[in-house]
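Asker: Now for the letters of each chain:
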Amino acid sequence: MKKGIEVSIAASEAAKLARVEAIAAYPITPQTHIVEHLSDIVANGELDAVYVTVESEHSAMSACIGTSAAGARTFTSTSAQGLELMHEILFIASALRLPIVMAVANRALSAPLSIWNDHSDVMAARDCGWIQLFCENGQEVVDTIIMAFRIAEDHRVLLPVMVNLDGFQLSHVVEPIDFPDQKDVDKFLPDYKPLYTLHPDRPLTMGAYATPELYTEAKFAQEQAIINSLPVIKEILSEYSKKFKRKYNILETYNFEKSDTVFIAMGSVNENIMTAIDTLKKDKKSCGLVKVRLFRPFPDAELAALLEKKKNVIVIDRAMPAGGMNGPVYNEVAALLRRYNIKANLFNYIVGLGGRDVLPEDFISVYDEVVKAKKGKSKEKTNYKVIGVRA
Amino acid sequence: MLEIRFHGRGGQGAVTSVELFAISAIAEGKYAQGFPSFGPERRGAPVMAFLRISEKPVRIRSKIYSPDVVVILDPSLVDVANPVSGLKKGGIVVINTSKPHEEFSEKFRGFKVAVVDAYKIAKEEMGVNIVNTTMLGALIRATDAIKLKSIEEPVRERFGRIAEKNINALKRAYKETSIKEL
Chain A
10 MKKGIEVSIA
20 ASEAAKLARV
30 EAIAAYPITP
40 QTHIVEHLSD
50 IVANGELDAV
60 YVTVESEHSA
70 MSACIGTSAA
80 GARTFTSTSA
90 QGLELMHEIL
100 FIASALRLPI
110 VMAVANRALS
120 APLSIWNDHS
130 DVMAARDCGW
140 IQLFCENGQE
150 VVDTIIMAFR
160 IAEDHRVLLP
170 VMVNLDGFQL
180 SHVVEPIDFP
190 DQKDVDKFLP
200 DYKPLYTLHP
210 DRPLTMGAYA
220 TPELYTEAKF
230 AQEQAIINSL
240 PVIKEILSEY
250 SKKFKRKYNI
260 LETYNFEKSD
270 TVFIAMGSVN
280 ENIMTAIDTL
290 KKDKKSCGLV
300 KVRLFRPFPD
310 AELAALLEKK
320 KNVIVIDRAM
330 PAGGMNGPVY
340 NEVAALLRRY
350 NIKANLFNYI
360 VGLGGRDVLP
370 EDFISVYDEV
380 VKAKKGKSKE
390 KTNYKVIGVR
400 A
Chain B
3 MLEIRFHGRG
13 GQGAVTSVEL
23 FAISAIAEGK
33 YAQGFPSFGP
43 ERRGAPVMAF
53 LRISEKPVRI
63 RSKIYSPDVV
73 VILDPSLVDV
83 ANPVSGLKKG
93 GIVVINTSKP
103 HEEFSEKFRG
113 FKVAVVDAYK
123 IAKEEMGVNI
133 VNTTMLGALI
143 RATDAIKLKS
153 IEEPVRERFG
163 RIAEKNINAL
173 KRAYKETSIK
183 EL
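Protein chains in written order, with the numbering used here: chain A, 10 to 400; chain B, 3 to 184.
Hints are supplied without guarantee of correctness; some may be wrong.
[What the hints assert, rightly or not] Footprint (simulated), chain A over chain B, 3 or more residues, beta carbon under 8 Å:
{"no.": "1", "stretch": "18-24"}
{"no.": "2", "stretch": "35-41"}
{"no.": "3", "stretch": "51-62"}
For the record, the hints were derived by calculation from the structure and aren't laboratory data.
We put the beta carbon where it would ideally sit given N, CA and C, even for glycine.
Could you put the whole structure together from the sequences, leaning on the hints where they help?
Answerer: Here's what the structure looks like:
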């Protein structure tokens, strides 16, 4: 039975269904409703957890490291500048292999000050060693938070997970969501069994000093861990899909098989792209979509298998390259086309910065522009385009 | 899909209106989306809120630029906010006003106009001039988008002990709304 609920509240309810034991968070728009609701349900006894109120996001993530290292199932949430204030600590959480789950209500970075949605916050934190999942709608937010704990705490993984949901675009929308039953969640997500914990009776050191003789090996081992998490993530998504009858995979396609031209995108913008594809269909134009749900570790082999025979690949980015050649998602796709020797023409569009609406019509124009592009022209030299920008 | 845009002033509760309406539609088994015009809203400033209702899953994430219906919570917005901007041909305007339809024959020409004196109803039924729930009655009357009964439970859940007064105001607005094509 679907319930009409604000996605932020639903996200905190998902953390409750996951029976989180510790939360440390600092409020920031548009994440605020998530942590407010958690604070409410901890205070009124609905959720048996420790809620650590802190004075900044730097402290929030530091406290999360403490509670997670002590063996508690730990949750937090942030946005934008809050995520960047945590930045230093994010690396420590992943290197200590602590299975913290964090919901990031994605928001643009200042300056200029913008409280609205894009992916510049998470893209600035993309190389922190965290697993990163992206959600398309409120239902996916709820399901992904529950799956995230199972992934993070799997002994073959033991890494922190970021669950990305578009700020406002998702976080502040009331929409229909189906909540799984507590007993089914309990079965799917048993208690966290840490390998090592901090305890006064059993002293140990986490994140000790590494001389040049050891640092490379430590980082190499960490890299192996995140790469090796990919098959486990697939397995857990597939198990969740079977148990809860909602289909999840690290990549999902829409109108894909027969389309020569395909979009690649992440997050809630995928809904607008699907609507654009449906409209194109009515005009006898066939366009496909790959939704990237898992960005770290990047599912290169799986994506390559999908793109192998495609003619035009349009990568949608929601962050500026900051002096790089292209947007961050494009860079991953460009590297994989080279590695797997795929000949598709590649295009990069940057859209929806700082909360600007990108309508289905915009994606229809992009499709038309791409299929009309002159054959033989070297597409590798085409730079990215920013939709709707007034130069 | 029915797209509805609310025009109110910060503090009037336009966001609560769309949330309650969306929750009610979802409880009826429909698909719906209700959300604010995102941003730091200030008390008294013109604000918008958005509502989509559909028999199929809603697959769009954007503000509403060409609504089927606009709801105007404060009559003074007619002159300052152009609330009918983008309203579809033959669309519906639901307005809180003490004036008759004819007053709007210039501004709302070609639209179906539903008038209701929501300030009066809210004051008499609840003792306050907050019209967000009252106007839901008018909206249901003008659109039949949900059943009048469906809104009661969500209003009770949201307002607790003052819910019944809100429901009375809403039901009275449903009865007193007068609709005319201009």
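Asker: Confirm or reject each hint.
Answerer: For each hint, the structure was consulted:
1. 18-24: Coverage by chain A holds for the stretch 18-24 of chain B (3 residues, Cβ < 8 Å).
2. 35-41: Answer holds; 6 residues pass the 8 Å Cβ test.
3. 51-62: Since 3 is at least three, the answer is holds.
In summary, the structure agrees with every hint in the numbered list given earlier.
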